[in-house]
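Visitor: Protein chains in written order, with the numbering used here: chain P, 1 to 149; chain X, 1 to 149; chain H, 1 to 149; chain L, 1 to 149.
Worth flagging that the hints you see were computed from the coordinates, not collected in a lab. Be aware that a few hints might be false.
Put simply, identical chains are the same to the list, so a pair is met inside one copy or across any two.
[Claimed, not checked] List of simulated lysine-lysine pairs, DSBU-like, C-alpha gap at most 30 Å:
| id | residue 1 | residue 2 |
| --- | --- | --- |
| 1 | Lys112 | Lys75 |
| 2 | Lys78 | Lys137 |
| 3 | Lys112 | Lys137 |
| 4 | Lys75 | Lys137 |
| 5 | Lys112 | Lys78 |
Because the structure is a prediction, the values reported are computed rather than measured.
There are 4 protein chains.
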Amino acid sequence: LTSLPAHYVSRFSLPIRVYFQDTDAGGVVFHGTYLSFFERARTEWLRSFGVELNSFVEEEGVLFIVRRMELAYRKPAKLDDRLEVSAELAGLGRAQFTLRQEVMRGDELLVKADVNLACVQSGSLRPVPLPESVRSKLDLVTSPKQESM
Amino acid sequence: LTSLPAHYVSRFSLPIRVYFQDTDAGGVVFHGTYLSFFERARTEWLRSFGVELNSFVEEEGVLFIVRRMELAYRKPAKLDDRLEVSAELAGLGRAQFTLRQEVMRGDELLVKADVNLACVQSGSLRPVPLPESVRSKLDLVTSPKQESM
Amino acid sequence: LTSLPAHYVSRFSLPIRVYFQDTDAGGVVFHGTYLSFFERARTEWLRSFGVELNSFVEEEGVLFIVRRMELAYRKPAKLDDRLEVSAELAGLGRAQFTLRQEVMRGDELLVKADVNLACVQSGSLRPVPLPESVRSKLDLVTSPKQESM
Amino acid sequence: LTSLPAHYVSRFSLPIRVYFQDTDAGGVVFHGTYLSFFERARTEWLRSFGVELNSFVEEEGVLFIVRRMELAYRKPAKLDDRLEVSAELAGLGRAQFTLRQEVMRGDELLVKADVNLACVQSGSLRPVPLPESVRSKLDLVTSPKQESM
């Protein structure tokens, strides 16, 4: 029985600090800023599989673009807050996949998002199947956790 | 028969030009930038009713915050594109309302969003009913168009 | 005596409205946001000469990049402010030029910047001389205003 | 001979990764984005002295705002780059101080900035002397390094 690397089966999480640049005159984080927080966490989640986006574009000629997004804002984050922003695979197709992402402050859920990403050719932006190098890793993530025996 | 001001019953639209600041290394507008485009159009839509957000906070002590958002990205906008970003009332409750917003490039729909906004007290951010001054104007918008006789 | 087009000899100015997205928790415009305001005004100033940045990259294969910038922040802009952001040619070399830019609120000077831009090859980002199509127009701007006789 | 805490006398540096959100269609980091990178590094530099900006505003009623900035852009940062952004005290007055900040990629200097910050009352934004709690720490930083004997 081959054990899977822990970071493939568990939820990925990135610590993010809130700065003035992230806030607005309402005294809280601007609602659009969370999309930047989510992008940082998704990118690091991919990097944890060995997918570096820049070399990925150059070597595979493909790009991931956001196709749909659903956001629920529960509570606002504030200046100096230390957040945890997560990414977890929630769906996997031939040419697209879906992530569930959350912004947490300690135990409090602040913002939740479902993000659907398509794999496209850089340049034409036409949909293409996920490269095998990525698929094989995402397949591992979606497999049910294997119990130790 | 009282005729309604045209800008209450028709869709509001704001022209927005795409600059380098709005794009990313994928060569197209960054997906998070559209939330800024939508905010600009919503704010001008409110201003067309006489609601200036800054004085609104100071006089009424209330703020509109985004509570939920659903986004569908159809086609990317590019550098130098001249877009039209719209706002149209799609739902109206006691303490919240929903806008349908679209990014158009000529006849092409690029991005579509449903944006649910809550009315909250500035400071506490607790939900409060929409001020009567705003409600009375939004009620007009949601009325069925009156045919001229 | 040939008269010059008015927009070549006079200062260019772009109206810009302040939205929540431009502000921070200090209640005023975030200091980095002014660089976006300046970029919008510079781009429209270039467009007033017939230089569209996107087609410029594609046709001439060159790009303008910021090389140096000096900023003086005098007074803060606030939510809902209606600003005028200017661009005026202050220096012209073989492969670079300098703009004086200002953010005004009515008669008040809020922020002032000297922005030095270099002309570079897209891709390599190596300095190249300004294309003749741009130089001929900037030469007109730097000529002393001709008095009517 | 009292030895000083190492982080007071040495240069402060924050690792920052480049994401799509930081880049523009030129394929490199947008020139305005570096101001956000610098703000993050300055904030963490202050935090290393025990100054948390949010509680600082609430307890002392004062705010640091950027008054002047000089930027030199040497080389562009790119997607996925891992940068080090530094902050070092370069000048200290009664109500203002100046930082030298740099963006490094390995041994390469990419961007350099001198940032002058003023201490102001939150609300009125009038200049006020630096609070004693901050001054006493900045005084330590500006002291000549003490040699071990």
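Visitor: Each hint: holds or not?
Guide: Now for the hints, and whether the structure bears them out:
1. For a Cα distance limit of 30 Å, the shortest separation of Lys112 from Lys75 qualifies both inside one copy, at 10 Å, and across copies, at 24 Å.
2. Taking CA atoms no more than 30 Å apart as the test, Lys78 paired with Lys137 passes between copies only; the shortest distance there is 26 Å, against 36 Å inside one copy.
3. For the homomeric pair Lys112 and Lys137, the shortest alpha-carbon distance inside one copy (24 Å) is at most 30 Å, but the shortest distance between copies (32 Å) is not.
4. For the identical chains of this complex, Lys75 and Lys137 are inter-copy neighbours only, at 28 Å across copies versus 34 Å inside a copy, given an alpha-carbon limit of 30 Å.
5. Taking the shortest Cα distances, Lys112 and Lys78 sit within 30 Å of each other both inside one copy (16 Å) and across copies (29 Å).
Violated hints for the displayed structure: none, as all numbered hints are satisfied.
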